[in-house]
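Q: Here are the chains, one letter per residue:
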Amino acid sequence: MPSATPGDRLFGLALWGAALGVVAVFAWLFADLARLGLGALSWDFVTTAPENAGRAGGIAPILVSTLLILGVAVGVATPVGLGAAIWLNTYTRAGGHAGRRIRLALDGLAGMPSIVFGLFGNAFFSVTLGLGFSILSGGLTLAAMILPIFIRTVEAGLAAVDDGWRRGAAALGLSQSAALAHIVLPAAAPAIGAGLMLGIGRAAAETAALIFTSGYVDRMPESLSDSGRALAVHIYDLSMNVAGGDAHAAASALVLIALVAAANLLAVALSRRLLTRRLAL
Amino acid sequence: MPRSADTLLEPLTAAMAGISALLLIGMIGFLLAESWPALAHGNWLRFAGLAWYPLEGQFGLAAMGIATLAVAALAILLAAPLGLACALFARFQAPPALAGGFRGLLALMAGVPSVVYGFWGLTVLVPLVARWQPPGASLFTAGLVLALMILPTVALLAHAALAAVPRGLLDGAAALGLSRRTTLLKVAVPAARRGIVGGVLLGLARALGETMAVLMVAGNVVQLPASVFDPVRVLTANIALEMAYATDTHRAGLFVSGLLLALLALGLAWFAARLEPRHA
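Residue numbers (the numbering used here), protein chains in the order written: chain A, 206 to 486; chain B, 2 to 281.
Be careful, since some hints might not be right.
Stated by the list, open to error - Result set (SDA-like, lysine to any residue): computed pairs, CA atoms no more than 20 Å apart in a straight line:
1) 187/B - 215/A
2) 187/B - 169/B
3) 187/B - 166/B
4) 187/B - 210/A
5) 187/B - 171/B
6) 187/B - 281/A
No wet-lab data here; the hints were simulated from the structure.
Assemble the whole structure, with the sequences as input and the hints as a guide.
A: Quick look at the structure:
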């Protein structure tokens, strides 16, 4: 690069300023959350039930509901998404019609606002299927929401599996399903894991799709057909409807951020593993 | 494994793919069916009115629609240039050790739930803005919170696009003796424009479709804002606020606004797909 002109120096300063400004705002946000929430955060906070509408006590039943909703979402989205990704990868030609239409529909689905998923979930799972406000309704709604991103990630992972491995399997006389089960899917396992973690990260962060599918009830759920309050809904309720709930809202936010960050870090680590595995061949 | 598994494999996986794609059609179908009690009246022009009194049969969505567009526009106007600056910083300006950490921070912030941004906006930004321009909960505050929420996404996608610019282009610019500023703004950014615009569109889609972060800081008064410091209610927030007790045509009216949001999102997705290079 040639020596910096005064204009260059000004431009560089502007970039530094923008970046430092953004870092400062995010640091401000985290500092506020920590200031408000760290005092309330303790082992008891995650192991006891909320009292006094959440102003006191903990978040144990809410954590359980959150995990159950995530479990339903992942449990349903995984087989459907795996099947769809396998079909797209194995049976559609690049540029073929059927595959392109389905990918287009998935892109459309991926761009839908979460509140629209909430409306759909309420109309279909809660009312039409009669599941009511339940963990099942919320989980199924989130399954629909994370499906497109999961399919995309897995499809990319399957496409990255070396074709030589498939040909080798065929040459050894393995059936297509055996090759899939023993060679292709294990080779794409990091991508599948990454897709799952991305989905979990998005589902755990979701509020709008859950308020009228899984509902508000903050008791310990006894079955999947009970209503259960997700952590994100808890934060919303504490900050909007409960005066004096800020400390516990901030503490819940810290727990939720940790959960989402862990899922996202795991997703990154898994996709890195996929990359190195591919390069090693 | 028996060969019969193979004959099952294609129909089974095709069914899964079909179910996934049918979700979109089913979703639009359910939105239509549930909006029908409100749509069947005919006279669709009443949805273009300003007054939203669903219990008295007034279903004007215009004020909330305009508020939705205004909040999202403000957010993207703030987030797009700032996000691009952050991407340029991380790719070209920052010392390598710092660049990694900065990108990590952006990735962390991209994953922060929107309800957390809303909570922070409500407890910190709203009182701050209220001291300067009461009442504080306003179009301006909502745009600010949304800008913060979508900035990491815009920046990360712009960074990925900038990282994919061929080394040779930058070397060529350097060989021509172009200044650093000219190299970045006139060579690197135009070369990466597809990815950058894609990121901005994704940010816009997230801003238009966001519910919680806006609901918590926008004040939620159904009105045409006279200034950016007026409280407004956006379409998504309206659904979240009223779904709990809406029945009959009121419920149908909310589904009409959901349908409107869905069509808006599909339009954006279609536009973004057109931008992508055609794979032959």
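Q: Are residue 187/B and residue 215/A close enough, with their CA atoms no more than 20 Å apart?
A: Within the cut-off at roughly 16 Å; holds.
Q: Would the pair residue 187/B and residue 171/B pass a check requiring their Cα atoms to be no farther apart than 20 Å?
A: holds (11 Å)
Q: Does the structure keep residue 187/B and residue 169/B at a Cα separation of 20 Å or less?
A: holds (15 Å)
Q: Starting from residue 187/B, check that the Cα of residue 210/A is at most 20 Å away, please.
A: Holds - the C-alpha atoms of residue 210/A and residue 187/B are around 16 Å apart, at most 20 Å.
Q: Does the alpha-carbon distance linking residue 187/B and residue 166/B stay inside the 20 Å limit?
A: Measuring from Cα to Cα gives roughly 13 Å; hence the hint holds.
Q: Holds or violated: residue 187/B with residue 281/A, Cα cutoff 20 Å?
A: Distance of about 48 Å is beyond 20 Å: violated.
The structure fails hint 6 only (numbered hints given earlier).
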